[in-house]
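Generate coordinates for the entire structure from the input sequences, incorporating the hints supplied.
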Amino acid sequence: MAAHNLEIRRSSASLWGGATGMRQLPVVSKFIDTTTCIGCKACEVACQEWNDLGPVSTRQTGTYQTMPELDPEFWNLIRFNEQEFDGGVVWLMRKDQCMHCEDPGCLAACPAPGAIVQYENGIVDVNPEACIGCGFCATGCPFDVPKFHAKTGKMAKCTLCVDRVESGLEPACIKACPTGCLQFGTKDDMVAMGHARVEQLKANGFANAVLYDPPGVGGTGVVTVLGHGDHLEWYGLPRDPRVPLGVRFWKSVLRPLGVVAIFGAVVGAIGHFMYQGPKEPPQTGGEPTGGEPPRTPRP
Amino acid sequence: MTNGWVDIKNADVILAMGGNPAENHPVGFKWFMEAKRGRNAKLCVVDPRFTRTAAVADVYAPIRAGTDIAFLLGLIRHTIENKRYHEDYVKIHTNAPYVIGEKFDFNDGLFAGFDEGKGEYDKTLWGYEAGAKGGAYKVDPTLEDPRCVFQLLRKHVARYTPEVVEQVCGTPKDKFLKVADVVTSTGNAERVGTITYALGWTQHSTGVQMIRAAAMLQLLLGNVGRPGGGVNAFRGHSNIQGATDTAGTFEILPGYLKTPTGPLTNLKEYYESAIPTTLNKQTWPSMNYWVNYPKFMVSLLKAQYGNAATKDNDFGYQWLPKVDGNYSWMYIFDDMYRGKVMRAGAEEPGPEALITFGMNPVGLGPNSKKMVAALSKQKWMVVVENVETETAIFWKAPKEYEGPEPSQIPTEVFLLPAADFAEKDGTFTNSARWLQWKWKALDPPGRAKADQEILARIFLAVRDLYQKEGGALPEQLTNVSWSYTNPAEPDLAEVLKEMSGKALADVHDPADKAKVVKAAGQQLDGFGQLMDDGTTLCGNWLHSGVYTEAGNNAQRRSNADPTGLGMFHNWAFSWPANRRIMYNRASADANGKPWDPKRPGIYWNGQKWVGDVPDMKPDAPPGTYGAFIMLPEGVGRLFSSGLNDGPFPEHYEAVEAPIANPLHPNVTSNPAFKKFTSDKDVYGTKEEFPIVCTTYRLTEHFHYWTKHQVGGRLNELQPGFFIEIPEALAKEKGIENGSQVRVISKRGQIQGMAMVTKRLYPLKVDGKELWQIGFPIHWGFASEPGHTGPLANLLTPSAGDPNTWTPEYKAFLVKLEKA
Amino acid sequence: MSATASRPPADSAILRARRSEDVVVGDEIVRHRLATRAIHWTVALFFFLALFSGLPIWTPVFGWMAHLFGGLNVCRWLHPWAGLAFFVSMLVMFVHWLGEMRLEPNDREWLRPRKMIEYMRYQGEDPEVGKYNGGQKLFFFAAALGALGLLLSGVVVWFPLEFPRIVRELAILIHDVTFILFVVAVVFHIYLGTAAEPGTFHSMIRGTVRKPWARLHHPRWYREVLGGKTRRP
Amino acid sequence: MQRRTFLKATAVGGGVALGFNVSRAEAEMRELKIARTTETRSICPYCAVSCGVIIHTLGDKSKNVKAAVVHVEGDPDHPISRGSLCPKGATLKDDITHKSRLVSPKVRRPGSDRWEDISWDDAIAQIARHIKDTRDRTFVAKNAKGQVVNRTPGIAMIGGCTDTNEFNFLQWKVVTALGVPYRDTQARV
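Respectively, the protein sequence lines represent chains A, B, C and D. Count the first sequence with this note's numbering and you get residues 1 to 299, in order. Count the second sequence with this note's numbering and you get residues 300 to 1118, in order. Count the third sequence with this note's numbering and you get residues 1119 to 1351, in order. Count the fourth sequence with this note's numbering and you get residues 1352 to 1540, in order.
Worth flagging that the hints you see were computed from the coordinates, not collected in a lab. One should not assume that every hint holds.
[Said to hold, decoys possible] DEER-style ranges, computed between Cβ atoms: (1) B/GLN1039 / D/LYS1493: 56 to 64 angstroms; (2) D/LYS1493 / B/ASP1065: 21 to 29 angstroms; (3) C/LEU1266 / A/PRO128: 31 to 39 angstroms; (4) B/GLY416 / D/GLY1497: 20 to 28 angstroms; (5) A/GLN83 / B/LYS477: 18 to 26 angstroms.
Ideal Cβ placement from N, Cα and C applies to all residues, glycine included.
As structure tokens, then:
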């Protein structure tokens, strides 16, 4: 499902990485400034509308948050959190969606060739043609993003509007954002913008402001400015997300070893046969008297 | 808005109060964030709830709903006592130096001239002191005369110390002082601040005075008329501004001309009543632009009555309906409910029928039970809508609305399907007064029709009946000019041309009578070309210039912004005269130099005013006229005799007051407020209903509209009604988040899901702990199935502001219990 | 039936083998009656179904196998069901064989690697080997345990979103490790049952073994059968 | 319309790129769903920020096409909204296309508990008759003080805040023509 303007940099379950071309494209990134996010959910519905998702069934449960978790039909969710802080309250909103990791755990975990691809511009996409809906990507993802769609039997998540991006447009969520807390551009530009905003926040009394671009997954295609970087849990963000060790282990160690072991067993059996030959009873007939040990043919 | 949406990015300080712009105007709010990011502006939010706006604010101060005047007067006191006002500005652009007559005073909550019996003030006691020379008025440029506006104001607000603000508003003193410090930092030439508000101020029995207090503060800080400044009302509906400009309300004609009243029997009397006398003829004389009133009025009458309007018949003035008394919202339904009303000393029938285009009175009117009861008495009703609203099906309202059985309701209801916005063209006027054209994208579904076609067909059918059968004053209808190419489906571009105005005969240059400025039949360039002799036609003088010989200016689409201040003069058309910042003359000092050269509104270049379209005669040198050209004084009013409830704002409690007024317990609520007295209009006491309740909108829904969308995504974002309850109150009452609770006011009760939150907390008011709760409007009994809910207005009172007669939706008393 | 009756005498052993085990019929001994063989091959069938539908999911090296079933999507669907069927048939086999697989004292020798190496070098034969040697019993129990491990971890992998992350990660790990060991063991099982020990495969096909085979591989069983001590009708 | 040209250019550019690898691209790309729609500029009908929106409709306005809304998104040229929209604006497609839109005139007769269908012509005729009856019955030519007031207190007319200025002006003309003094808008409430 390579979008036609985009070469693939990495593809799931491919032995040599699966790169499709040599074009070098600038890596793109979303920028989220939670300190200017008002949780209006324009990004949520812009995503829904553009991607023709839904309807989803929600119910009022006593929160402004649309639903508890991302959903296969809902790829972009604002998480709301009220906390007491400095004698008052803070009401934090963070846009949750695929982080488009530089080193994507989903892609690492995916067993279906080409079902998860990373384009040259850094977008990580699920290819529904190739996806087998096994859910390994959900296990591989440190942000708990990919969701299984029961109707299609495929995994679903934010595509960073790859169809728009490859046509020269920005993702739907970014375009909709009324306050400008969402921005889109090259990763370098977004990181620079993030650092500038963090500096501004620090000067304005947010001593713990940070730019969240976790190195454990090689950085993300979504950089997030947080006013309270000392309380990542308020935003529902992991402190040091990584591709799970288990995924790394079974993908990089166990499976090659297993292949070697299986072929080794076969080779071992053949070798044994060549060396040892079959174990056969002596050709002399007649009733054995019993008790005496059988004779073993020797080479 | 005095300024524009984009202009907010020019502010150094933004005070968002009486509104929740992040929630209700998110895209406009973009420019708040732009100011924060771009110039490190400080956003102060004062609100009963910790809102979405508060979530991104630099300073948040909680306040008890309905006490904003005390807070604002506290800010004014802080400004004056700490000398933080912009003195040069105050001296030349406000009436601070004007001396007030001896009759004015203020005692124990009442201004001079209150008539207990009528509940009204005699406003003539609030006049200026006449000066030595006739026609001029006494001013003290030093601001030291104890009777000058400045000193009177200083005395008036002296009571509003931070301690009193805390006592009345419940705002902790340190929070108040923080806000005061930031907001008053703009009282100089270098810095500018804006104040934004919305229905959180309007919908109070003291709403107009809240806005006035904000305007006064801005005048003192020298922020009116400047880029990045102003007092900015964020309007709620796409064309609520245009509907108001175009006389949607009973008291005005298009362009804010006054609706004639019974005693004004001819145009002359009407002009005498409507046109203010120029007050300031001494220094800084006022242009008093309303002297052009007859040009606007006659051009309007020519638009309405065409050739039937002649100089001899007062241009058809006698056919205009005249009013006696009040015909606004709450009166409509009160008169409908009672069936009769006293007018000019005699009984007249109330409305027996209602025609509503795209409006849902059962949903949005206060006191829903009274709304349903009133509508149940009508003979007929026409509802023109996209969807089946509560109003369309009031006759099958659920039993808690206490309406009669359908069989007992005699109303014939016509429900006519209308086109959506995308299915017709025409202009909307935004909150910043921009008229923007939209193009038609597709046809209406099924047999639905555009509203203008429905309206036109009804009008033509009625006119036919009168032409055939005669009846009561047929001329009122038959003389109406309806000269559209297709009368049954008027082309909106033709209508816009009519509104913008054209020459009926050659229009000559006033300076050179031989020179023809506009030939007969041509579109006019602006209201400067309007004539009072019937040679021009103009449906709305404010809109004049929107459709000129150059074409439809509402369609202009250049977003070039050479000043960088976000004015966009070649994008669409902004009334008046494509001006982007009102009162922009005040952005410059006495010599016409901008207060802040980096943010000039207009400035005098030696020959003329340049920059924005000047709110001033373009070639009148500085000192010729005062900046506030529509006011007879020519300067901004810190003291005004124009309002019905006092020349200065004063803190009054809501109609349903949770405490006695700490400042004057004998006058707790606004003495002039409007309160209805039918059997459906009942009011609760603080003893029975101890909790203050407020209502609001959510960003995920639009009014009573989007809940109808079957399969609509907004119903996913906010699927149902809820009631926000402070954590501590919930704990006290044993209420769990997500459980069902009942909220009860004197007028009704509603049940809903509790949303227990930290974002509301108790306030210490007048020494006692006071709770506030609130819930969103939006839901009702006509919705997408599964998304119905109670109408918030089951609980709200029919009582409101004495100037605008807007109901007090934002502060009323309730009690809360577990369901 | 005349056709049956006219068959050579050897066939009488095969006929007998449809019903009973551990009986001598002429030169042959019935080792696996029909039910046993059917169960064994059912297990084998589902094992290979699960194996070949699982391998392409496991690694792209075996991706080509997916085409045997119509693609990876089919494998994703088929593999858990095949695995489940494998486990169920394994369970039946377990119950069926459990009585014969009781570990005896000399079987415990097999837990020592030296014993296995000796076995593979055709050394140190134990005259007390019964119908199944210790290695076979171990394999039997290991396979049963492995099947259980594959099932439990497989269920988690089947419905990944129903389980917590740590469980999912462990399950994938367990499934992989178990499966690798299982396959290695099965490779040797097949090798020993075919090329390495001629006659063994026949016993699982037709049910019978020749007497020398029995005397060589399972001397005590051979003695018992001949002595009529062991008989399963 | 500049943007439309731009998008067409994108589509054409894409087509050229496509030439290199037609089979893969055809089979595999996620097609831009608005690549060939008709774009119409409009203004959001909700609040008074008045964001610019672009309505993408099916087809190219040919005679043989019935336009339907495919997508609505912000107008990047609009100086206030600059392409952004709030959640309400971002779901305008739902507002236009949702299933509970009214599509035919209905009437509820006195005392009835249900709607009946009615033709436009009948509805207009009956409404006109009602208006004339009520106006003639309740018309006040002079008030109690003998002043000419020429008003029809029997009818109240409200609305207009969600409709165009032009409609509002026509409404004022009609209200004034009927002599209706009771009129109001959302501005009050």
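Results for each hint:
1. Roughly 57 angstroms separates the CB atoms of B/GLN1039 and D/LYS1493, a value that falls within the hinted 56 to 64 angstroms.
2. The hinted window of 21 to 29 angstroms between D/LYS1493 and B/ASP1065 is violated, with their beta carbons roughly 53 angstroms apart.
3. Checked against the given bound of 31 to 39 angstroms, the beta carbons of C/LEU1266 and A/PRO128, roughly 35 angstroms apart, stay inside it.
4. The hinted range of 20 to 28 angstroms is satisfied by B/GLY416 and D/GLY1497, whose Cβ atoms lie roughly 26 angstroms apart.
5. Taking the beta carbon of each, A/GLN83 and B/LYS477 are about 21 angstroms apart, inside 18 to 26 angstroms as hinted.
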